[in-house]
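Following the hints, position chain B against chain A.
Below, each chain spelled out in residue letters.
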Amino acid sequence: MSERIREKLSILADAAKYDVSCSSSGSKRKNDNKGLGNGHSSGICHTYTEDGRCVSLLKILLTNHCIFDCAYCVSRKSNDIERAAFTVDEVVQLTMNFYRRNYIEGLFLSSGIFKNADFTMERLLKVVKKLRLEERYNGYIHLKTIPGASEELVREAGMYVDRMSINLEMPTEAGLKLLAPDKSHQEVIKPLGDVQRQIIQFKEEKKVIKSVPQFVPAGQSTQMVIGATPETDKDIMHTAAEFYKNFSLRRVYYSGYIPISTDNRLPLLGTQPPLIRENRLYQTDWLMRFYGFHVNELLNDANPHLDVDIDPKLSWALRNLQFFPVDINIASYQMILRIPGIGVSSARKIVQARKFGRLRIDQLKKIGVSYNRAKYFITCTDSPPMFRDYQATQIKSFILAESQSKYLKNDIQQLNLF
Amino acid sequence: MIYVFDGSLEGLLTAVFEYHERRPSNLILTTAECYQPDVFTASHRIDNDPEKADRVWKALNRKLSATWLRRFYCAYLSEIPEAFRDLFEFCRYIFSNPSDVTQNYGNPHVLAVAGYARKVEREKHRMEAFIRFQQSSDGLFYCGIDPDFNVIPLIMKHFKDRYADQSWVIYDYKRHYGIYYNLDKVEEICLNQEEEKNLKLQRDKITSEQEPLYAALWKDYFKSTNIKARKNTKLHVRHVPRRYWKYLTEKE
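Line by line, the protein sequences are chains A and B.
If you're matching positions, the first sequence starts at 101 in the numbering used here and goes up one per residue.
If you're matching positions, the second sequence starts at 3 in the numbering used here and goes up one per residue.
Same shape as in the complex, but just chain A (with noise of 0.2 Å):
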């Protein structure tokens, strides 16, 4: 028996590893029944693997059997690897288990399609309708909407977990058309306009009725594979802008394609995962929700590939020299956020002090900003006195001189045949 589950585990654990949403925040739900478990709204890492991901959820398929054939999946039809399917109770033991032990945050649940769509939704219903009705269990639950189910199941599902997603999987309707020909975006747009309509639903409902029950109060998210079929980084961050203003994305998931398949519309296998421009990419979206820049400003027509050597705020920058030298103690919040060196907490920080006095270099430093990358973009009282104007590559080369990235070392592996 515990063999058996052991090789279920290590066979769906895999399988499902290439789904890289792990967060476990935004759900507040409360332990009042006794139970176990509870929301955190700002979510636990509870380890981390070997390549730096967090494992917060236990994150497995409910089986890897699956009737579609998608080109760049682990688990499609045509693909000869170990299949195996948990039982519900197998999920729900194994999920309480693992809860006890505060070795998770909670469970992710997903599943390769069997039968057909809402054979499959069903399956994952029941995992969790146990979960919280027969277990009482309180922790986080994310569940992945399988696309082309019916509206009443994912409508009661939403009941229960704390956060929904669906993936896009390629970035453009061309993409997935070429290495996915059964799927399409409108079956994932579908799902994530039904859900949000009744998130919004539910919200307007507690306004007035306080004992109206939570509607996916960790929201929704998506993935996209990134890598795997020739998108600039314009086309995948434009689709990514519009899904989280459609549809109130928590976040949009990029996965840089790790060769699985010989297929010859997908990248070589050995080929290395395009990790530098996921973390470019990852960067650019973070700018997009926490510093106030509209897309169009870090991507468009004349810049539709983002600079791999330095990141894109810099390169914002550095293409808008106009808008610098920026004094700290006059400009107002937003500016201090779009400067190279100074992040969120900084910038909050500056803010605050400066009305206490103006602010000195050092000052600047023990608040944390990294005054190497931002002095050439700054003045503030004690600032050396500026005799010439630098080009931004003079600039540019200044700061590479001066950072070492964390890149650099890849580079130079590549360039090792053995």
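In case anyone wonders, no lab produced these hints; they're calculated from the structure.
One or more hints might be untrue.
Said to hold, decoys possible - No more than 20 Å apart at the CA atoms, straight line, and that leaves these computed lysine to aspartate or glutamate pairs for EDC-like:
{"id": "1", "chain 1": "A", "residue 1": "LYS130", "chain 2": "B", "residue 2": "ASP150"}
{"id": "2", "chain 1": "B", "residue 1": "LYS248", "chain 2": "B", "residue 2": "ASP150"}
{"id": "3", "chain 1": "B", "residue 1": "LYS225", "chain 2": "A", "residue 2": "GLU103"}
What the hints assert, rightly or not - Pairwise CB distance ranges (calculated):
{"id": "4", "chain 1": "A", "residue 1": "GLU305", "chain 2": "B", "residue 2": "ASP51", "range": "54 to 60 Å"}
{"id": "5", "chain 1": "A", "residue 1": "GLU397", "chain 2": "B", "residue 2": "ASP186", "range": "52 to 58 Å"}
{"id": "6", "chain 1": "A", "residue 1": "ARG106", "chain 2": "B", "residue 2": "GLY9", "range": "47 to 53 Å"}
{"id": "7", "chain 1": "B", "residue 1": "ARG177", "chain 2": "A", "residue 2": "ARG183", "range": "48 to 54 Å"}
{"id": "8", "chain 1": "A", "residue 1": "PHE168", "chain 2": "B", "residue 2": "ARG177", "range": "53 to 59 Å"}
{"id": "9", "chain 1": "A", "residue 1": "SER102", "chain 2": "B", "residue 2": "GLN168", "range": "19 to 25 Å"}
{"id": "10", "chain 1": "B", "residue 1": "LYS221", "chain 2": "A", "residue 2": "GLY443", "range": "35 to 41 Å"}
{"id": "11", "chain 1": "B", "residue 1": "GLN168", "chain 2": "A", "residue 2": "ARG106", "range": "20 to 26 Å"}
Even for Gly, the Cβ is constructed at its ideal location relative to N, Cα and C.
Relative to the frame of chain A, chain B by itself:
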């Protein structure tokens, strides 16, 4: 002038009170543990006085927002000698200004207190993440820790709310006390040396039958969720510093 106090919060607050009574110049605050008698400087031993401490605490309540009050408490729990000094100076600065000056991050003591608080909150969060309970044969879930800072008072509520239907113990080996939840409320417990040793060494002998299975399953899961093509040890160690590996079942 050197003020010597015993390292307790009450002592720290009493010191603040006594400073405002006498207002000596060139004042240094130090704990009894770190105190080195000095020929040229007079010292004054602070006797804890609950009444004086209470008055200062009430004044702090009036002066500070809830966020800053928590920061103050967290910085105190760091138990770092410099933190006590910064807290003392922070109090002096707060009380010498009629307006709210806690937003003045240009002031070194305000920034320092915020910094210590952040460190302690980070350790608290790490404990919430890295504690791994083991189930004993009588159903109790237990875990021993030795955190950098004294975070047990901060993590108590989290574990009480979350694990309401199981009894558990979290024990701090470094500070020799722990908390026990008996399905109703949380109690402070102190073990004697022998019991402590037993908890530390014989942890495997008192575990329940199911324990090895779930530990093995968890290790399997940890292994199979890793993507080898993306190996990044530096990032891994930054998120899970080596000093925490001893807690983690998956790192055994």
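Check whether the Cα positions of LYS130/A and ASP150/B lie no farther apart than 20 Å.
Between LYS130/A and ASP150/B the Cα gap is close to 30 Å, so the pair fails against 20 Å, i.e. violated.
Is the hinted range of 48 to 54 Å satisfied by the C-beta distance from ARG177/B to ARG183/A?
Roughly 51 Å apart at Cβ, these two residues keep to the hinted range, so it holds.
Can you tell me whether the CB distance of GLU397/A to ASP186/B sits inside 52 to 58 Å?
Check passed, 57 Å falls within 52 to 58 Å.
Range hint compliance [Cβ, SER102/A to GLN168/B, 19 to 25 Å]
Since the Cβ atoms of SER102/A and GLN168/B sit about 22 Å apart, the hinted range of 19 to 25 Å holds.
Would you say the C-beta atoms of ARG106/A and GLY9/B sit inside 47 to 53 Å of each other?
49 Å, holds
Range first: 35 to 41 Å. Now tell me if the beta carbons of LYS221/B and GLY443/A are that far apart.
37 Å, holds
Run the distance test for LYS248/B versus ASP150/B: straight-line Cα separation, threshold 20 Å.
14 Å, holds
Does the Cβ pair GLU305/A, ASP51/B satisfy 54 to 60 Å?
Given about 55 Å between the Cβ atoms, the range holds.
So if I understand the rule, the pair passes when the alpha-carbon distance is 20 Å or less; does LYS225/B with GLU103/A pass?
16 Å, holds
Could one say that the CB atoms of GLN168/B and ARG106/A fall in the range 20 to 26 Å?
24 Å, holds
That 53 to 59 Å hint for PHE168/A and ARG177/B (C-beta), does it hold up?
The hint (53 to 59 Å, Cβ to Cβ) holds, given that PHE168/A and ARG177/B are roughly 56 Å apart.
In terms of the numbered hints stated before, the structure departs from hint 1 and from no other.
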